[in-house]
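Please put together the full structure from these sequences, using the hints given.
Now for the letters of each chain:
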Amino acid sequence: MAGAGMIRRIWALVYRHLALYRRSWPRLLDFAYGPVLQLLIWGFTARFLALHGGALAGIAALLIGGILLWESALASQLGFSVSFLEEIWSRNLGHLFVSPLRPRELIAALIVMSLLRVFAGMIPALLLAALLYAFNIFTLGPIVLLLFANLAMMGWAVALGIVAFILRHGAGAEGLVWTVMFGLTPLSCVFYPVAALPAPLRPLALLLPSAHVFEGLRAALITGGRFWHELGVAFALNLAWLALMALVFRHNFEAARREGTLVALGE
Amino acid sequence: MAAIRVEGLSKRYGPVTAVAGISFTVAAGEIVALLGANGAGKTTTLAMLLGLVVPSAGRIEILGHDMARDRFAALARMNFASPYVALPARLSVAENLRVYGHLYGVPRLERRIRELAGELDFVPLLDRPAGTLSAGQKTRLALAKALINHPAVLLLDEPTASLDPDTADRLRGWLAAYRAASGCTILLASHNMTEVERLCDEVLMLREGAIVARGSPEELCARFGRERLEAVFLDIARGVA
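Heads up: the protein sequence lines correspond to chains A and B, in order. Per the numbering used here, residue 1 is the first one in the first sequence, and the count goes up by one each step. Per the numbering used here, residue 1 is the first one in the second sequence, and the count goes up by one each step.
Do not take every clue at face value.
Stated by the list, open to error - Only part of the chain A face toward chain B is listed, based on derived beta-carbon distances under 7 Å:
id: 1; residue: I7
id: 2; residue: R9
id: 3; residue: S90
id: 4; residue: G94
id: 5; residue: H95
id: 6; residue: F97
id: 7; residue: R250
id: 8; residue: R257
id: 9; residue: V263
Stated by the list, open to error - Residues of chain A placed beyond 10 Å of chain B at every Cβ, according to the derived structure:
id: 10; residue: G5
id: 11; residue: A19
id: 12; residue: S24
id: 13; residue: D30
id: 14; residue: A50
id: 15; residue: R91
id: 16; residue: L96
id: 17; residue: S99
id: 18; residue: L101
id: 19; residue: A108
id: 20; residue: I143
id: 21; residue: A171
id: 22; residue: G183
id: 23; residue: I222
id: 24; residue: R226
id: 25; residue: H251
No wet-lab data here; the hints were simulated from the structure. Treat the numbers as computed from the prediction; the structure is a model and nothing was measured. The beta-carbon is built from N, C-alpha and C at its ideal position, and this holds for glycine as well.
In structure tokens:
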């Protein structure tokens with residue numbers, strides 16, 4: 001019955017956000033805006049390069065595939081952390097933290113909301129990619145789902161770290177929600193190989209699951225080699241980052257309870 | 001049996017002592033008020049009872065559960081309302097109650113929502129977004145949320161703050177009726193002496209984080225030689241007594 005209670009509490013929070021989105025179409029529009037905008041920019045760039053032929057023509061699929069995958073990581077992180085921010089903006093956090101909702105259940109609900117944002121945000125972009133550029137990422141087969149899954153996991157790890165930081169340092173840190181993941185873009189090597197980075201930055205890039213996902217994507221689209229190796233490394237790194245961020249979250253949550261910042265955040 | 005047992009409870013933030021080693025018990029079915037000037041330690045005490053703040057020292061037991069080790073078991077049978085903590089404004093009244101009904105595992109939830117809407121007189125508001133409600137209507141919604149799980153212990157932070165006298169009086173009536181019907185234990189922090197005199201069996205007077213007087217409103221008035229609790233409060237807050 002404990003499991004049923006846990007699922008009911010997770011559903012309570014998911015229901016809360018679904019009810020919110022049902023009444024707020026601008027929020028729904030915001031889900032798709034980023035992915036569609038990026039797809040248009042990089043899609044037309046890819047088309048321009050393709051039209052001019054030469055060696056650059058071959059990278060069109062990498063550009064469009066890369067941006068679609070990277071946007072899913074961004075959507076995953078935003079879905080998690082913006083759902084948390086909604087509780088702060090509505091001054092509802094105080095009620096949640098004195099209810100029987102466990103912190104791990106809060107995290108589980110935020111992950112569900114993250115997945116829903118990924119679906120709602122990416123489906124229009126995927127359809128547009130097919131319509132405008134005749135690009136279907138699923139021609140790579142079911143492995144695409146593994147790429148998306150890895151990037152979603154990375155989004156959760158980043159979001160968990162940001163939420164932990166907000167718990168400890170207050171809502172003034174909410175700007176991080178829109179900046180941290182973008183800051184990781186150059187090191188994620190979405191459009192270029194890790195080898196293209198300056199040598200001192202390469203070890204940092206290789207600590208990110210995203211860099212391995214995109215190395216894997218390039219392997220799948222161009223060379224066909226090392227795909228599973230890169231995917232395995234990305235998955236292992238994701239598990240490590242998630243475990244580390246869960247510890248940081250737990251530490252900061254308890255510190256916020258000790259220092260009284262949870263009360264200030266909840267009002 | 002004590003519904004709430006607090007022993008040697010302290011909270012320090014660096015050099016500042018917010019709560020200084022207070023002890024008290026609240027018997028099941030009692031209504032007890034925490035009274036004190038701003039900064040006396042009322043809200044910090046409530047926050048520690050709710051598990052939002054970890055005490056620096058001391059022990060809290062609610063409904064037999066040690067809050068340091070087993071707070072979720074207690075939280076499932078408690079609830080809380082405060083005008084300083086809101087409910088999501090875009091969700092309707094019914095949706096808000098559904099969220100908290102699910103969180104607290106309320107059986108036959110839709111029936112419970114209709115029941116509360118009838119008792120607290122907001123049936124026509126069920127489909128209205130919470131953000132469009134008046135202050136009095138929001139207070140009724142907050143109280144409905146606080147009663148959704150038939151709490152055995154209810155903690156209230158200034159429950160009638162910013163309400164007009166009519167709405168405040170109705171709310172006190174609902175609280176008294178709920179206590180009479182359910183035997184719920186209520187601990188409230190308030191600045192409203194009329195409320196405390198009308199509702200409370202016992203008053204804990206706080207100053208600088210310590211309990212400086214306790215007793216029923218009548219006992220306190222008699223002890224301080226005052227006719228009204230407000231005069232007792234002023235004596236204590238100004239350090240006259």
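Non-conforming hints, listed in increasing numerical order:
1, 7, 10, 11, 12, 15, 16, 17 and 18
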